[in-house]
Amino acid sequence: MGAFLIVGLLLGALLAPYVARYDPTAPHFNLRLQPPSAAFPLGTDSFGRDILSRLVYGGRISLTVGAISVVISFAVGVPLGIAAGYYGGRLDDVIMRTVDVWLAFPGLLLAIGIVAVLGPGLQNVLLAIGISGVPGVCRLVRGSVLPVKEEAYVEVARAVGGSEGRIIRVHILPNVLAPVVVLLTLRLGTAILTGVGLSFLGLGVQPPAAEWGAMVSEGRAYLQQAWWVSTIPGIAIFLSVMGVNVLGDGLRDALDPRLH
Amino acid sequence: MHRYIAQRLLQLVPVLLSVSILVFLMIHLVPGDPVQVMLQDYGSAEQAQALRHTLGLDRPLPLQFGLFVWRLAHGDLGRSIRTGRPVASEIALRLPYTLRLTAASMVVAIALGLVFGTLAAIHHRRLLDYAATVVALAGISLPSFWFGLVLILIFSYYLRWLPPAGADTAGSLILPAVTLGTGAASIIARLCRSSLLEVLRQEFIRTARAKGAGELRVLYRHGLRNALIPMLSIVGLQFAGLLGGAVIVESVFGWPGLGRLAVDAIFNRDIPVIQGVVLVAAAIFVAVNLCVDLLYALVDPRIRYV
Amino acid sequence: MLRMRLACLLVLVLALAVAAPSVGAPIRGGTLNLVTDSDPPSLDPHKTPSGVFVHALLYDTLVTADKNTGNFIPELADSWTIGADGRVITFKLHPGVRFHDGTPFNSQAVRATIERLINPQTAAPGSSWIGPIDRVETPDDLTARFVFKQPYAPIFSSLRIVFLGMLSPAAIAKLGPNYGQTPVGAGPYKFRQWIPGDRIVLDRDPDYAWAPKFYKNRGAPYVDSVVTRIIPDESTRVIAFQRGDLDVLPATPAAQAQQLIASGKYQVFRTPQDGGLYLGLNVTKPIFSDIRVRQALGWAINRDEVVDYALEKLAVPMDSPLAPTIWGYAKGLKNAYHYDPDRARRLLAEAGWKPGPDGIFQKAGQPLAFTVWTYPLETNVRIAVVVQTQLKKAGVRMNIEQIEPAALLARTASGAQDAILISYGWPDADILYYFFNSGRMASTNRVHFSNPDVDRLLNEGRVTVDPAKRLEVYRQLQETLLEQAPWIPIASPYTITLAQPWVHDFYEDKYGDLLTDDTYIQK
Numbered sequence: 000m001g002a003f004l005i006v007g008l009l010l011g012a013l014l015a016p017y018v019a020r021y022d023p024t025a026p027h028f029n030l031r032l033q034p035p036s037a038a039f040p041l042g043t044d045s046f047g048r049d050i051l052s053r054l055v056y057g058g059r060i061s062l063t064v065g066a067i068s069v070v071i072s073f074a075v076g077v078p079l080g081i082a083a084g085y086y087g088g089r090l091d092d093v094i095m096r097t098v099d100v101w102l103a104f105p106g107l108l109l110a111i112g113i114v115a116v117l118g119p120g121l122q123n124v125l126l127a128i129g130i131s132g133v134p135g136v137c138r139l140v141r142g143s144v145l146p147v148k149e150e151a152y153v154e155v156a157r158a159v160g161g162s163e164g165r166i167i168r169v170h171i172l173p174n175v176l177a178p179v180v181v182l183l184t185l186r187l188g189t190a191i192l193t194g195v196g197l198s199f200l201g202l203g204v205q206p207p208a209a210e211w212g213a214m215v216s217e218g219r220a221y222l223q224q225a226w227w228v229s230t231i232p233g234i235a236i237f238l239s240v241m242g243v244n245v246l247g248d249g250l251r252d253a254l255d256p257r258l259h
Numbered sequence: 000m001h002r003y004i005a006q007r008l009l010q011l012v013p014v015l016l017s018v019s020i021l022v023f024l025m026i027h028l029v030p031g032d033p034v035q036v037m038l039q040d041y042g043s044a045e046q047a048q049a050l051r052h053t054l055g056l057d058r059p060l061p062l063q064f065g066l067f068v069w070r071l072a073h074g075d076l077g078r079s080i081r082t083g084r085p086v087a088s089e090i091a092l093r094l095p096y097t098l099r100l101t102a103a104s105m106v107v108a109i110a111l112g113l114v115f116g117t118l119a120a121i122h123h124r125r126l127l128d129y130a131a132t133v134v135a136l137a138g139i140s141l142p143s144f145w146f147g148l149v150l151i152l153i154f155s156y157y158l159r160w161l162p163p164a165g166a167d168t169a170g171s172l173i174l175p176a177v178t179l180g181t182g183a184a185s186i187i188a189r190l191c192r193s194s195l196l197e198v199l200r201q202e203f204i205r206t207a208r209a210k211g212a213g214e215l216r217v218l219y220r221h222g223l224r225n226a227l228i229p230m231l232s233i234v235g236l237q238f239a240g241l242l243g244g245a246v247i248v249e250s251v252f253g254w255p256g257l258g259r260l261a262v263d264a265i266f267n268r269d270i271p272v273i274q275g276v277v278l279v280a281a282a283i284f285v286a287v288n289l290c291v292d293l294l295y296a297l298v299d300p301r302i303r304y305v
Numbered sequence: 000m001l002r003m004r005l006a007c008l009l010v011l012v013l014a015l016a017v018a019a020p021s022v023g024a025p026i027r028g029g030t031l032n033l034v035t036d037s038d039p040p041s042l043d044p045h046k047t048p049s050g051v052f053v054h055a056l057l058y059d060t061l062v063t064a065d066k067n068t069g070n071f072i073p074e075l076a077d078s079w080t081i082g083a084d085g086r087v088i089t090f091k092l093h094p095g096v097r098f099h100d101g102t103p104f105n106s107q108a109v110r111a112t113i114e115r116l117i118n119p120q121t122a123a124p125g126s127s128w129i130g131p132i133d134r135v136e137t138p139d140d141l142t143a144r145f146v147f148k149q150p151y152a153p154i155f156s157s158l159r160i161v162f163l164g165m166l167s168p169a170a171i172a173k174l175g176p177n178y179g180q181t182p183v184g185a186g187p188y189k190f191r192q193w194i195p196g197d198r199i200v201l202d203r204d205p206d207y208a209w210a211p212k213f214y215k216n217r218g219a220p221y222v223d224s225v226v227t228r229i230i231p232d233e234s235t236r237v238i239a240f241q242r243g244d245l246d247v248l249p250a251t252p253a254a255q256a257q258q259l260i261a262s263g264k265y266q267v268f269r270t271p272q273d274g275g276l277y278l279g280l281n282v283t284k285p286i287f288s289d290i291r292v293r294q295a296l297g298w299a300i301n302r303d304e305v306v307d308y309a310l311e312k313l314a315v316p317m318d319s320p321l322a323p324t325i326w327g328y329a330k331g332l333k334n335a336y337h338y339d340p341d342r343a344r345r346l347l348a349e350a351g352w353k354p355g356p357d358g359i360f361q362k363a364g365q366p367l368a369f370t371v372w373t374y375p376l377e378t379n380v381r382i383a384v385v386v387q388t389q390l391k392k393a394g395v396r397m398n399i400e401q402i403e404p405a406a407l408l409a410r411t412a413s414g415a416q417d418a419i420l421i422s423y424g425w426p427d428a429d430i431l432y433y434f435f436n437s438g439r440m441a442s443t444n445r446v447h448f449s450n451p452d453v454d455r456l457l458n459e460g461r462v463t464v465d466p467a468k469r470l471e472v473y474r475q476l477q478e479t480l481l482e483q484a485p486w487i488p489i490a491s492p493y494t495i496t497l498a499q500p501w502v503h504d505f506y507e508d509k510y511g512d513l514l515t516d517d518t519y520i521q522k
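Protein chains in written order, with numbering that gives the first Met the number 0: chain D, 0 to 259; chain X, 0 to 305; chain F, 0 to 522.
Rather than coming from a laboratory, the hints here were simulated on the basis of the structure. We treat Cβ as the ideally placed atom computed from N, Cα and C, and that holds for glycine. Be aware that one or more of the hints could be misleading.
What the hints assert, rightly or not - Partial pick of chain D residues on the chain X-facing surface, computed with a CB cut under 7 angstroms:
hint, residue
1, Asp-92
2, Val-93
3, Ala-103
4, Leu-107
5, Leu-108
6, Phe-199
7, Gly-233
8, Ile-236
9, Phe-237
Bound-form chain D, shown alone (with noise of 0.2 angstroms):
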């Protein structure tokens, strides 16, 4: 289920040029907080601005903070982790320390502090996200890597003189794989919900351009008379989250061999 709610969203997000009938930035002041209409399938906010437009073109920005902050956090917590596992001893300790330091931080106070540092914008919102997920996924990608380490045909692959690449290669990231994959699309919600967040204090994107934290934000102040303007993106940022959550628990599901 979780699957057919991601790739529609990627559907839209791809075709937003297309499904978009107006510039998602374009105003119009004389239809400014219009409920749901033919001319607008969804509304619009209050400076006239399309509000179908803006969400196909706003999740073009959600899901890629989403997805690049992810990679961000999974390009340097995997290698860490398996470093940590892998090699053990004083490594293991000083990565671990230093991960536990990390993760002693509010997660949204680093993103804030970072955001602070380098100033606003998509690109720093993008590696603040991605740098306070990296203590989490090393963590885990440890924890997966230990009770591999010690199972007889690492030993076996050691003493016949393989390398270390090939081992950790070929025995250990099989292994580390399935909860990678699954903590992956687990963090992918997390990621959307703080760039929603660091929007929300204008910390995110910077306007006039579409994103939904922003959008439900901007709305929120014409909650009563105009409950469409931030519901609609509200909804949207929850179905996403959720849909990619669905899919990492199916996928949780499905790969774990205990369960089978």
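Position chains X and F relative to chain D; hints supplied.
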């Protein structure tokens, strides 16, 4: 056992020190300084200089950090640049509120999580499983600033059951706790479901059932108790993480907790407060993790720390 | 018969006596619930960068503004005389005034307050507002003489604001730096409790008896206490108000205000702000070094549209760097801008810019584009978005970047920005000194503007004591500033304050101060 505890506590020191250094560096990398924020457009350059000197902000960075550590060793967290109150007071004034909110959120999270997780596990692969999972997932899929406002509109405005903001009545805690707790509830629900599923399949369950034990008893005695262990670690992580996640909820509900103190301090460049709050947050995190690990040992007789 | 008549009369009188209170006589008692969006840093006026209305409830000042005319009238000072050369002002103080701690208010208190204000150790953000003061003399208990090094015309505007509220010397001596945590003033309410992040509670001062003349009630306020809740989120504040938890909703942003006004249920106070929002152009940047480009922006912006769509019609367009309610504002300025996109295009063409293929002007391969920094506030962002659309139509690309105040203040000092879109507020034209004097480029002169005529006029405005002459100086100054266009003035939003129907006799003066001495609650 005692040696283990002592070892873990000692590890606190380098962790806290590293966190402090990181925060210190970050603050000084960010453009803007507290004196400018305080005087804004109105002070003169000489005044700004004088104030910076009084606050010791014109000293070289390593010296400033050294002074911070020295004072910390004597239990002095310094004074807020913005209000002049001791940082320890600022934190002490808000910590009880944060603890109350976190505790209440955990109660909500555990209650909701257990209910939905159990439902899903019992009716595995049937409609109720999917339905419960979806509802549970709603918690971490909704932006809290939107969800919170919707709750306020419904329960505070239309139904008039609960107050919209503030922390004065017992009822003020409910809406923010629910908003904050639903996120953790999702994670606990999923964990509960998967743990229960795993356990329910094991041999000794079949044995117990064969012995004729009632379904519920089986569920509880064997299922839930074993699901507890991974759940404990999640609870610990969530507890610590709620400090940062509470920022938005505290803003929306006007809850006077540490999250808002931290964000306001960042925007005001109130260096001593930022350092103090992060330090306290990190300390709480490490302490909670330690407690969780100790609880592990209590719950699972196989785990022992030598 | 007579007995019957007397009895009827008695019943009538009794009936009237019972009915009278429900026919508009003030009721003593009750709590007035106000709200603000964040804690003030301190309740000590010497430690606060900007006034919060809570301070005005705690402290009284020497002079205040008449609620109807806006003229300066006595508060703690009964009268004053100005020395011939304008350098000396002698105040006669109101007798019988006591601080909340019971100590008397006298000239020693005035001197102690001013000395603490200008003491560099205090580092008071408001210290420059007292101007070039030399000393305060105290010939007797009820006479305080201010002696300035040069005449300082803006002094009365300053004395009115709560930065210069009177403090109790005894409390200063006892509390020192903790004054702000348990404040002592001579205002109508005294301090009871402050729960940071949650609320500030003040109680009526029963001994208060020196309210300004425009009040019907010259004595202690009718309400028992004033509770100021602290709620950072605008939407939550609005709901709390709609629910009745709050009696007064001060300073509501346009989007929320407009829906509450439309409901027709509440009393609405629309006060023009003594300031507004402007586009500040960094004149040292190549793109803005040509005066014609700056002026073109002035003609390209449609201020009426900004007022209608960004500010829900709850604002006035600004035709001068000064808002209409600021002392010194001149009407009918010749150089004022209005919406004239053709003129803007002509000026840009004159300056060598040609329209490019995407509609944006170009010169030597570079587009006419700049980035504007603004605070992440709803009002600022909405105006920026509308202006962005208008400039795009005119062929100028403006990018928006939201920056939090601390970072913006720091980075503009070095002139890193192209332009800023922010607001200011001050009741006196002297504020322009801080924004345009060439000597302030490292601090408040964010546009890095330097012009000898402007400098001369700014200095003249400070020392010209005769109001008519002073107005003329500022008229010239405004014409010059408009022509030079380092600022493009946009709009001055109203400060919208809403009150529940059961709040009676509550007013707001032209400065947006909440006047509550007559206020009573009747549900």
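Status of each hint after checking the structure:
no.: 1; hint: Asp-92; result: violated (10 angstroms)
no.: 2; hint: Val-93; result: violated (11 angstroms)
no.: 3; hint: Ala-103; result: holds (4 angstroms)
no.: 4; hint: Leu-107; result: holds (4 angstroms)
no.: 5; hint: Leu-108; result: holds (5 angstroms)
no.: 6; hint: Phe-199; result: holds (5 angstroms)
no.: 7; hint: Gly-233; result: holds (5 angstroms)
no.: 8; hint: Ile-236; result: holds (6 angstroms)
no.: 9; hint: Phe-237; result: holds (5 angstroms)
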